[in-house]
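Throw the hints in and build the complete structure from the sequences for me.
Each chain, written out:
There are 2 protein chains.
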Amino acid sequence: MRLSRYFLPVLRETPADAQIASHRLMLRAGMIQQASAGIYSWMPLGLRVLKRLEQIVHEEQMAAGHIPLLMPTLQPASLWQESGRYDDYGQEMLRITDRQERRLVYGPTNEELITDIFRRHVNSYRDLPLTLYHIQWKFRDEIRPRFGIMRGREFLMKDGYNFDVDKDSALHAYNRHMVSYLNTYEKMGLKAIPMRASAGPIGGTHSHEFLVLAETGESEVYFDNDILELTESDHKVDFDNPQECAEVVKRWTTPYARTDETHDPVEFKSQISHSSRRQSRGIEVGQIFYFGTKYSEPMNAFVTNADGDRVPVHMGSHGIGVSRLVGAIIEANHDDRGIIWPEPVAPFLVGIINLAPKDKKTNDVCDDLSRRLSAFGKEPLYDDTHDRAGSKFATMDLIGIPWRLTVGPRGLIKGEIEMSHRRGGQTIICSPDEAINRLCRGNGRRE
Amino acid sequence: MRLSRYFLPVLRETPADAQIASHRLMLRAGMIQQASAGIYSWMPLGLRVLKRLEQIVHEEQMAAGHIPLLMPTLQPASLWQESGRYDDYGQEMLRITDRQERRLVYGPTNEELITDIFRRHVNSYRDLPLTLYHIQWKFRDEIRPRFGIMRGREFLMKDGYNFDVDKDSALHAYNRHMVSYLNTYEKMGLKAIPMRASAGPIGGTHSHEFLVLAETGESEVYFDNDILELTESDHKVDFDNPQECAEVVKRWTTPYARTDETHDPVEFKSQISHSSRRQSRGIEVGQIFYFGTKYSEPMNAFVTNADGDRVPVHMGSHGIGVSRLVGAIIEANHDDRGIIWPEPVAPFLVGIINLAPKDKKTNDVCDDLSRRLSAFGKEPLYDDTHDRAGSKFATMDLIGIPWRLTVGPRGLIKGEIEMSHRRGGQTIICSPDEAINRLCRGNGRRE
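Chains as they are written, first to last, in this note's numbering: chain A, 132 to 578; chain B, 132 to 578.
It is possible that part of the hints are untrue.
Because identical chains cannot be distinguished in the list, a pair is counted as satisfied if it fits within a single copy or across any two copies.
Unchecked claim - Cross-link-like lysine-lysine pairs, in silico, DSS-like; alpha carbons within 25 Å at most: (1) K182 x K509; (2) K489 x K318; (3) K509 x K491; (4) K318 x K545; (5) K182 x K269; (6) K322 x K182; (7) K489 x K381; (8) K318 x K182; (9) K400 x K318; (10) K509 x K298; (11) K318 x K381.
It is worth saying that the hints were derived from the structure and are not from the lab.
Structure, rendered in structure tokens:
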């Protein structure tokens with residue numbers, strides 16, 4: 132993508148009203164633009180990151196055997212009256228009346244709507260287990276929207292719902308989701324810790340939140356330092372195997388890790404040695420629930436079990452805050468020059484800086500690098516503008532592109548370009564061929 | 132995808148309230164489910180088609196040099212007051228009041244919001260031309276929603292907006308969009324005819340609608356039969372070349388083709404020979420507009436031109452009804468057994484029917500076919516259920532999968548399976564290897 136033809140409205144000044152790093156940097160990097168309080172447009176660069184996160188979430192959901200569908204943003208109020216949540220949910224739910232005086236809500240979550248879909252079509256345990264999910268825009272009318280997309284009102288979320296014939300099977304679904312969520316965050320280059328949490332307005336007996344540690348997090352969290360050492364990395368789990376999933380969950384839930392809502396100071400002190408106790412701030416980027424028959428009973432979602440009895444289906448729900456993750460990743464990955472994207476979620480893996488856009492040789496080498504990277508599925512952001520070199524470097528640093536290739540006539544006399552790493556800061560001098568080799572062979576990034 | 136693990140809630144009976152083929156077939160094929168009047172959930176099969184269309188639209192937009200971003204579904208009412216459309220747009224616009232008594236609208240289109248984004252960042256002709264687009268859910272509060280997703284209220288649309296320094300450049304953008312839209316529909320396997328249209332509430336001096344001919348279309352259309360012979364197919368156009376784009380547009384706009392709003396019976400009769408005159412019904416699947424400075428003047432979106440003068444930017448907008456296209460494609464591609472998907476948009480290219488799911492050899496061959504097709508990026512829908520063969524065939528026909536592989540123990544004695552084509556109806560007997568060869572080599576479908 133040639134920068135001269137792109138739309139990257141970076142800001143040189145720090146916006147006055149942005150209190151936290153991710154909000155500031157997303158505005159400065161031209162990733163978002165506020166439309167009204169807590170509601171944002173995603174500029175081209177921001178959308179690329181959002182789409183990468185969405186893609187990773189889809190891949191990991193499908194790997195776990197979950198089925199994508201798509202529910203609408205607006206839901207009939209009647210379903211919420213059926214479950215009893217229409218009044219309970221409070222003012223965060225945006226209530227709408229259409230021209231025919233029908234009452235609608237802009238869905239903040241979808242337990243009711245998915246239960247309605249389920250009960251219309253599924254009647255027998257033979258069609259279970261079933262987990263359906265979607266990635267859709269939702270709305271919560273936050274009284275005080277702030278921190279940019281971190282606490283916005285219109286936000287993109289993956290929410291999924293499992294339907295199982297009994298509690299054992301539903302708890303396997305709970306575990307399967309924990310494993311798949313761990314994989315999802317790791318694929319994004321993010322450390323997210325599952326912590327025992329309270330179920331809030333969703334309800335239920337089991338719940339874990341996934342938290343990214345960051346000073347600007349809204350939650351106080353308490354954990355055993357050992358949990359930071361855990362990783363799923365290349366550990367392959369058979370998602371159909373309850374035993375294998377339970378083992379992963381056990382490993383991750385044995386060390387103490389709780390949000391302030393479930394924190395028990397006595398247990399914390401008695402179970403964990405002083406040197407391992409950690410207290411920090413965390414950003415919630417996901418949550419899973421098991422709530423049994425809370426929705427299926429009032430909404431009459433029953434199936435016939437193997438004994439021929441009609442039983443209410445056991446359910447859970449699971450959410451990943453996709454748009455919020457963009458902010459969380461930035462909170463955990465930035466410096467004073469700007470964002471430092473983990474490679475799997477970077478909007479572009481490579482930026483090319485042309486130091487002499489009037490020099491034919493320099494242009495030819497830049498064009499050739501662009502073409503070859505694109506052929507490998509790694510379309511670069513190519514700064515072909517006539518801006519000053521210093522400004523070009525500052526922009527590439529600000530928007531956090533992991534690799535930078537700098538091309539100018541002086542280096543090209545010796546057939547050399549500069550290749551720099553945003554995170555590590557190291558720069559090597561190499562030939563264009565070597566740069567392509569390093570970026571395209573040694574690098575497993577999927578596009 | 133194994134059908135036993137999928138969620139495909141097909142209906143055996145024809146739903147009573149569905150009046151047109153696409154609505155009936157989408158319900159029967161388990162593609163959609165009504166949430167409330169004119170608002171639908173997209174079941175897994177329907178979502179796959181929607182995603183394919185979205186992908187084709189993205190590819191063709193990017194090929195034309197247009198830049199994707201994403202605006203929110205909810206917009207501040209203040210922008211619509213600025214343009215003067217808040218009162219003009221009428222009751223189809225869903226008006227919302229949030230908990231703080233701020234007025235919002237669920238966007239039916241985005242001229243105001245995109246103009247606001249533009250004016251905040253672009254000041255000079257040097258940053259033009261620029262075309263921004265998004266694919267997002269929109270809402271129009273139709274008084275009488277019907278025909279399923281064809282005239283629904285919440286719908287998915289690609290809408291794009293060009294910004295140009297003068298009329299000439301903006302008319303090139305108009306032409307460029309016509310070419311790119313022609314390509315888009317052809318990539319979907321669809322014949323859509325550009326017809327001179329009225330600009331309606333969007334406004335402006337130039338507008339064409341793209342119509343798919345179908346008995347159930349809402350518009351009466353009049354055209355010269357010659358236009359049906361035109362095709363862009365492999366004709367490569369340089370989208371930056373005004374001359375090349377204008378030539379394509381001239382070719383497509385020379386034959387008479389108009390909707391009832393712009394139809395001129397005298398001209399129709401005098402210009403076209405009796406044998407070439409055609410009158411038909413059509414479904415609108417897209418529209419393009421040039422409206423000059425209609426929004427930029429009241430909203431103060433000005434740029435400095437090459438002479439140093441401040442001038443209002445020239446704009447146009449362009450829409451493709453992505454969700455509506457699903458219905459239009461079905462209206463144009465079905466028979467009494469069900470849907471017949473054009474290959475580029477089919478939810479699955481291949482269906483596999485296992486005639487004896489208790490037979491090990493049959494299962495092994497089906498598994499192997501599934502695995503090999505998936506390795507070629509053509510994941511099949513594999514009916515591994517214990518349903519009757521007749522029911523399996525009926526379902527595959529109903530959901531319109533282009534190719535069907537039927538595997539049973541009798542054929543396997545001779546190493547043979549059956550390969551059938553949904554559209555042509557022909558069946559050949561061949562080996563599993565030959566089926567894979569035919570489906571994966573001779574076939575250019577991208578995944």
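| request: Go through the copies and call it for K489 and K318: within, between, both or neither, with a Cα cutoff of 25 Å. | output: neither (41 Å within a copy, 39 Å between copies)
| Homo-oligomer pair classification [K381, K318; C-alpha up to 25 Å] | within (21 Å within a copy, 50 Å between copies)
| Can you tell me if K400 and K318 fall within 25 Å by alpha carbon in one copy, between copies, both or neither? | Neither. Shortest intra-copy (33 Å) and inter-copy (64 Å) distances fail the 25 Å Cα cut-off.
| request: Classify it for me, K489 with K381: is the Cα-Cα distance of at most 25 Å met within a copy, between copies, both or neither? | output: neither (61 Å within a copy, 37 Å between copies)
| request: Please work out whether the CA atoms of K509 and K298 approach to 25 Å or closer within one copy, between two copies, in both situations, or in neither? | output: neither (46 Å within a copy, 36 Å between copies)
| message | Checking an output row: K322 and K182, CA cutoff 25 Å. Within, between, both or neither? | response | Classified as within; 20 Å inside a copy, 30 Å across copies.
| task | Could you figure out if K182 and K509 sit no more than 25 Å apart (CA to CA) within one copy, between two copies, both or neither? | result | Result: close both inside a copy and across copies, 15 Å intra and 22 Å inter.
| request: Tell me, please, which holds for K509 and K491 at an alpha-carbon limit of 25 Å: within, between, both or neither? | output: Classified as within; 24 Å inside a copy, 44 Å across copies.
| message | One pair to classify: K318 and K182, alpha carbons no more than 25 Å apart. Within, between, both, or neither? | response | both (14 Å within a copy, 23 Å between copies)
| said: Within, between, both or neither: how does the pair K182, K269 come out at a Cα-Cα threshold of 25 Å? | reply: Both: 16 Å inside a copy, 19 Å across copies.
| said: Please sort K318 with K545 into within, between, both or neither, judging by C-alpha distance up to 25 Å. | reply: Result: close neither inside a copy nor across copies, 39 Å intra and 46 Å inter.
The structure fails to meet hints 2, 4, 7, 9, 10 from the earlier list, while all remaining hints are met.
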